[in-house]
Structure formats: structure tokens, C-alpha cells
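Colleague: The residues making up each chain are set out below.
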Amino acid sequence: MHMEKLHIRPLKRRHITDYTVKVISTVGALVGLFFLTWILYEVTLRGLMALNWAFFTELPSPPGVTGGGVANAILGTVIITILAAIMGTPLGILAGVFLAEFGKGSKFSSLVRFMTNILIGVPSIIVGVFVYTLIVAPMKSFSGLAGAVSLAIIMLPVIVRTTEDMLNMVPNSLRESGLALGVSRWQVTLQIVFKAARSGMLTGILLAVARVSGETAPLLFTAMNSSYWLTSLNEPTANLTVTIFNYAMSPYADWQAKAWGASLLIMAAVLALNIFARLVTRKKVT
Amino acid sequence: MVNPRKNRRYQHNKGDLFFKGLALLCAASVPLLMAGILAQLISSSSLSLKEFGFGFLTSQEWNPVTEVFGALSSTFGTIVSTLIAMIIAVPLGLVIAVFLVELAPPKISAFFGGAVELLAAIPSIIYGMWGLFIFAPIMADHVQPFLDKYFGFLPLFQGAKMGIGMLTAGLILALMILPYISSVSRDVFNMVPTVVKEAAYGQGATTWEVTRAVVLRYSLRGIVGAAFLGLGRALGETMAVTFVIGNSHRISASLFASSNSIASTLANEFTEAVEPLYLSSLVELGLVLFLITVGFQSMAQVWLWSIRKKLAD
Chain A
7 MHMEKLHIRP LKRRHITDYT VKVISTVGAL VGLFFLTWIL YEVTLRGLMA LNWAFFTELP
67 SPPGVTGGGV ANAILGTVII TILAAIMGTP LGILAGVFLA EFGKGSKFSS LVRFMTNILI
127 GVPSIIVGVF VYTLIVAPMK SFSGLAGAVS LAIIMLPVIV RTTEDMLNMV PNSLRESGLA
187 LGVSRWQVTL QIVFKAARSG MLTGILLAVA RVSGETAPLL FTAMNSSYWL TSLNEPTANL
247 TVTIFNYAMS PYADWQAKAW GASLLIMAAV LALNIFARLV TRKKVT
Chain B
2 MVNPRKNRRY QHNKGDLFFK GLALLCAASV PLLMAGILAQ LISSSSLSLK EFGFGFLTSQ
62 EWNPVTEVFG ALSSTFGTIV STLIAMIIAV PLGLVIAVFL VELAPPKISA FFGGAVELLA
122 AIPSIIYGMW GLFIFAPIMA DHVQPFLDKY FGFLPLFQGA KMGIGMLTAG LILALMILPY
182 ISSVSRDVFN MVPTVVKEAA YGQGATTWEV TRAVVLRYSL RGIVGAAFLG LGRALGETMA
242 VTFVIGNSHR ISASLFASSN SIASTLANEF TEAVEPLYLS SLVELGLVLF LITVGFQSMA
302 QVWLWSIRKK LAD
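The listed protein sequences derive, respectively, from chains A and B.
For the working numbering, count along the first sequence from 1 and bump the result up by 6.
For the working numbering, count along the second sequence from 1 and bump the result up by 1.
Hints in this document: simulated from the structure, not taken from any laboratory.
We put the CB at the ideal spot given by N, CA and C, even for glycine.
Keep in mind that the hints are not guaranteed to be accurate.
What the hints assert, rightly or not - To give an idea of the interface, some chain A residues facing chain B are shown, with a C-beta separation under 7 Å as derived from the structure:
hint: 1; residue: Asp24
hint: 2; residue: Val29
hint: 3; residue: Ala35
hint: 4; residue: Gly38
hint: 5; residue: Leu39
hint: 6; residue: Val84
hint: 7; residue: Ile88
hint: 8; residue: Val135
hint: 9; residue: Thr139
hint: 10; residue: Leu187
hint: 11; residue: Gly188
hint: 12; residue: Trp192
hint: 13; residue: Ser233
hint: 14; residue: Tyr234
hint: 15; residue: Trp235
hint: 16; residue: Thr237
What the hints assert, rightly or not - In silico negatives: residues of chain B with every beta carbon more than 10 Å from chain A:
hint: 17; residue: Leu23
hint: 18; residue: Glu62
hint: 19; residue: Ser125
hint: 20; residue: Ile127
hint: 21; residue: Ile135
hint: 22; residue: Lys198
hint: 23; residue: Val225
hint: 24; residue: Phe244
hint: 25; residue: Ala258
hint: 26; residue: Ala264
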């Protein structure tokens with residue numbers, strides 16, 4: 007019925023419409039690529055100008071004083087991110103194991119699956135507010151620990167979902183052969199299923215780490231920031247992303263330049279993690 | 002054949018019971034966390050809930066000195082900036098998906114697809130830096146004067162051309178949600194059975210005719226799902242918006258004007274709020290945003306779930 011109508015139109019006009027649409031969609035794709043290149047270019051260019059030895063090794067200079075670095079913030083970001091991964095990864099993997107191995111078709115796992123997808127979409131700043139009311143307010147202090155908890159909450163649903171997806175790709179015959187040999191259920195999961203899904207799960211974890219390592223909003227009022235070296239996880243902890251925010255909003259050109267340097271560092275780390283994560287799975291496929 | 006995942010006979014030893022229990026606890030942590038966030042946000046905003054009641058949502062006042070707070074200007078900013086982003090990103094995302102699926106040769110498609118996904122991986126704060134220092138000046142010097150010159154009769158495009166403001170925030174949001182919309186649309190387009198497309202091509206239809214009559218028609222519901230996901234992202238996006246929206250508690254007809262969103266208000270004011278009522282009002286703002294995003298995300302999930310069910314049947 008629909009096709010009949012198409013045939014009535016003059017051929018030439020149809021070709022012109024077709025050509026126009028092709029041009030529009032090619033231009034659309036180029037627009038996307040253009041903005042990506044533009045952002046990468048500006049951040050790389052301005053970032054490189056700010057990088058020097060002091061940037062990586064020294065503490066921040068006082069407001070308005072040129073020089074110094076963001077060494078404490080680099081260390082802080084690394085520590086907070088690793089801590090978040092330590093908290094979020096086992097929890098997320100085990101939850102994913104439950105969904106894939108034990109919870110097929112139950113109402114409870116449908117609820118968990120649904121909530122996981124919703125939690126992925128909860129704005130990261132809300133997680134920050136939540137952790138503030140949960141940890142920062144009762145302890146009466148901003149802390150690196152609270153920052154790590156926020157990031158772990160953001161990682162959790164991402165890991166749950168990728169773990170479940172990856173375990174679902176493992177054929178049931180593998181589980182059956184393990185069980186037939188008399189291996190218990192938990193050993194089958196840990197030693198056979200995990201081994202088969204290893205690279206996919208690793209990709210999921212890396213992508214989750216990449217996602218949180220560039221997060222700013224959940225750290226603003228949990229880890230906050232500091233101009234000193236970290237001595238304890240119960241005090242405000244310097245980190246790169248909040249430093250970028252504070253420096254960018256400051257009136258000092260030197261601080262703004264450092265914000266670009268820190269942006270380059272974060273962007274390079276996040277993109278490298280992303281590309282590496284994708285390479286891990288691709289190797290398995292070929 | 003016995004499905005070992007369902008058969009209870011295999012779960013007899015203690016190690017298995019312990020392992021399953023542990024996994025169950027971890028799985029339970031996700032719904033518990035969601036409930037915990039809701040409970041915590043409500044209890045921490047009790048002061049403000051009691052003081053302002055329902056009027057909190059309809060009041061435009063935001064005055065930390067006299068301690069009168071209302072969510073209207075922030076909510077308005079969140080909705081308008083998201084709308085701008087959707088108006089631009091949905092058509093552009095679809096157009097990119099059409100290019101990736103119907104036009105580009107596989108290699109180019111894979112390259113562009115990868116580039117679009119990288120765009121999604123770039124942290125929000127990088128968009129903020131780029132938006133504030135590079136894009137906003139271009140808006141002030143070129144885009145806003147252009148809009149003023151040709152569309153200045155509309156109240157939308159009047160006022161001081163500062164570069165930052167609602168329009169700039171909306172444009173940057175559009176750029177940020179573009180990858181989500183185009184990659185989900187691409188996946189949906191790829192699900193259209195090749196046979197149906199080939200049948201249309203075989204009848205002599207052009208690429209556009211196949212796209213319009215077969216692909217778009219077939220994947221309409223999926224596209225709506227993709228748009229919902231992008232919408233959910235845009236509503237809660239914080240850092241990029243905070244950098245460029247200008248942060249003023251004001252509702253203005255002009256898109257050039259400084260405004261704010263719920264997320265940007267939280268990012269800017271949370272650490273400054275010392276008085277309990279101020280802090281409690283900020284948490285209530287967070288509660289409003291939480292409920293809005295959870296609402297949209299749930300709708301998106303249910304929608305996508307119903308499509309998957311339909312496709313499976």
C-alpha cells in the first residue's frame with residue numbers, strides 16, 4: 007500500500023530528495039566529528055602549555071601566586087578512584103552473579119535489574135547530596151572516604167549490568183560440564199564461568215572506572231578539595247576534577263592555565279581507559 | 002535437558018548456600034540504595050518541607066539572606082535547557098544514525114561510531130571548560146549577534162550578549178546527549194530486519210524512501226526510548242551547565258540571559274550553605290531533581306522493556 011504511493015512520484019524529484027537527505031545526514035555526522043575534534047584539539051593544546059615538571063610534583067601555589075603544581079590532586083584522584091573501585095567492584099560483580107546465575111526470571115531480580123538501570127540514570131550530583139547527608143554531615147567533615155563512597159555508588163550499577171550481560175553470554179553447557187564433574191556451584195561460577203567471561207567483565211570494570219575518574223559533581227561536597235598533601239581519608243582531599251572547577255572559576259590566569267593542564271590529564275586518562283577497555287574485548291573476539 | 006541455573010537439586014552444599022546468600026545480599030544493595038537515597042533526601046529536607054510546603058515548587062524566590070526559598074527558577078532552568086538540548090540533539094542524533102546505518106561504508110561507519118562513543122566518554126567538566134573559555138566567547142561575538150539581527154524581534158533572542166546563559170547551556174547539553182541518542186538510534190536501526198529493507202529496495206525505492214517508510218517506521222518506538230535516555234541525562238547534567246549557565250536565580254524570557262538549573266544551584270551553593278534551612282532547601286531541590294529523573298528513567302525503562310518484549314514475541 008505504502009510502496010504504491012512512492013511509485014507515483016516523478017523519478018527525478020525522488021532522486022533529488024534522496025540526494026538531499028544523504029547530504030544532510032553526512033553533514034550531521036561531520037558536525038559531530040567536528041565538535042569532537044575541536045574539543046580534543048583545544049584541551050590538548052591548552053593543556054600541554056600548562057604542563058611542566060612542577061605541575062606533577064609540587065603543591066598548589068597560594069591564590070594569585072604563579073607557579074606550583076597539582077601533585078596532591080593527582081594523587082588524591084588516583085587514591086579516591088582506586089578506593090571506589092575496591093568498594094564498588096566486588097559488590098557489583100556479586101550482584102551481577104546473582105542476576106545471571108541464580109535469579110533468572112524471579113520477581114526480585116527483575117526489581118534489582120530495573121533499579122540498576124534507574125540508578126545508572128540518577129544524576130551524579132544527587133549521589134553527592136546523598137553521601138553528604140549520610141557521611142559528611144554526621145562526621146562533621148568533608149572527607150576523601152566520602153568521595154570514594156560516592157564514586158563507588160556511581161560505579162556499582164554499571165558493573166552490575168555489564169557483569170550480568172557478560173555472564174549471560176557464557177554457554178550453559180560450560181556450567182553443566184562443571185557440575186557434571188561434581189564441582190560445586192560456587193566453584194563453577196568462580197573458576198569456569200568467570201574465566202570464560204573474564205575479558206568482558208574486565209572491560210566493564212575499566213569502563214566504570216573511566217566513568218567515575220572524570221566525575222566532578224559527586225566530589226564537590228564529599229571529598230571537596232585541599233591544597234595540602236593527603237594525610238588521612240577523614241579530611242578534605244584534593245582531587246583533579248574539583249581543582250579544575252575551582253581554578254577555572256578563579257580570576258587568576260595561572261590557575262586557569264592549570265585547570266587546562268588538569269583537564270588534559272583527566273581527558274587523556276579517561277579516553278585511554280576507554281580505548282584500552284574496548285581493546286580488551288576485541289582481542290577476545292578475533 | 003536440565004537447566005543448572007534453575008534446578009535446586011544442585012544447591013546443596015554449604016559453600017553454595019553461602020555464595021548464593023552473599024550474591025543475594027549484594028544484589029539487594031541496589032534497591033536498598035535507591036530506597037536509602039529517597040529516604041535520606043526526604044529526611045534531610047524535612048525543615049524546608051515543613052517551612053515552605055507545596056509552595057516550594059511554585060515560588061520563584063531564592064534568598065539566602067531572608068531565608069526564603071523556592072524551586073521554580075531552578076526547575077524552570079532545568080526544563081528549558083533540557084528542551085533546547087532535545088530540540089537540537091534528537092534530529093541531529095537521528096540524522097547521524099541514518100548516516101551510520103544506511104549510508105556509510107562499514108569501515109567509515111565503525112570509525113564515526115567510535116568517535117561518537119568517545120564524545121560520550123569525555124567527562125562533563127571538560128565540556129564545561131571548553132564551553133566557558135572557547136564556546137561562550139564565540140556565542141557572544143558571532144552567534145548571539147546573528148540571532149539578534151535576524152530573530153531579534155522574538156523576546157527569546159533579546160538582551161545582553163554575554164556568551165554564557167540559557168542558550169549556551171542548552172547547546173552544550175545537546176552536544177553531550179548527542180552520542181546517547183545517535184548510538185541508541187543506531188542500535189535500533191540495526192534491528193530492522195534486512196529482508197524488509199531489501200524488499201523495499203527491490204521495488205525500486207531510494208535510500209531515503211527505505212529509511213522513511215521502513216526504518217523510521219519500524220524503529221519509532223526505539224527512537225522514543227533513545228530520546229528518553231538522552232532526556233534523563235540532560236536533566237541531571239551538572240558541571241557543563243554550571244560552567245556556562247551564568248547562575249542567577251531568575252526566570253527570563255530571553256535565552257541569552259543568565260539562569261540556573263537545579264544541578265547548577267546545588268553545585269554552586271551547597272558548600273556555602275551554613276544555615277540549616279538553607280541547606281535543607283538545597284537538599285529539597287535535590288529531591289525534586291531526583292524525583293524528576295527517576296520518573297523519566299522509569300518511563301524510559303518500561304518503554305524499552307515493552308519494545309523488547311514485543312520484538313521477542
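Colleague: Give a verdict on every hint.
Modeller: Checked hints:
no., hint, result
1, Asp24, "holds (4 Å)"
2, Val29, "violated (10 Å)"
3, Ala35, "holds (4 Å)"
4, Gly38, "holds (6 Å)"
5, Leu39, "holds (5 Å)"
6, Val84, "violated (16 Å)"
7, Ile88, "violated (18 Å)"
8, Val135, "holds (4 Å)"
9, Thr139, "holds (4 Å)"
10, Leu187, "violated (12 Å)"
11, Gly188, "violated (11 Å)"
12, Trp192, "holds (4 Å)"
13, Ser233, "violated (15 Å)"
14, Tyr234, "violated (18 Å)"
15, Trp235, "violated (21 Å)"
16, Thr237, "violated (21 Å)"
17, Leu23, "violated (6 Å)"
18, Glu62, "holds (21 Å)"
19, Ser125, "violated (7 Å)"
20, Ile127, "violated (5 Å)"
21, Ile135, "violated (5 Å)"
22, Lys198, "holds (12 Å)"
23, Val225, "holds (16 Å)"
24, Phe244, "violated (7 Å)"
25, Ala258, "holds (20 Å)"
26, Ala264, "violated (5 Å)"
When each numbered hint is compared with the structure, violations occur for hints 2, 6, 7, 10, 11, 13, 14, 15, 16, 17, 19, 20, 21, 24 and 26.
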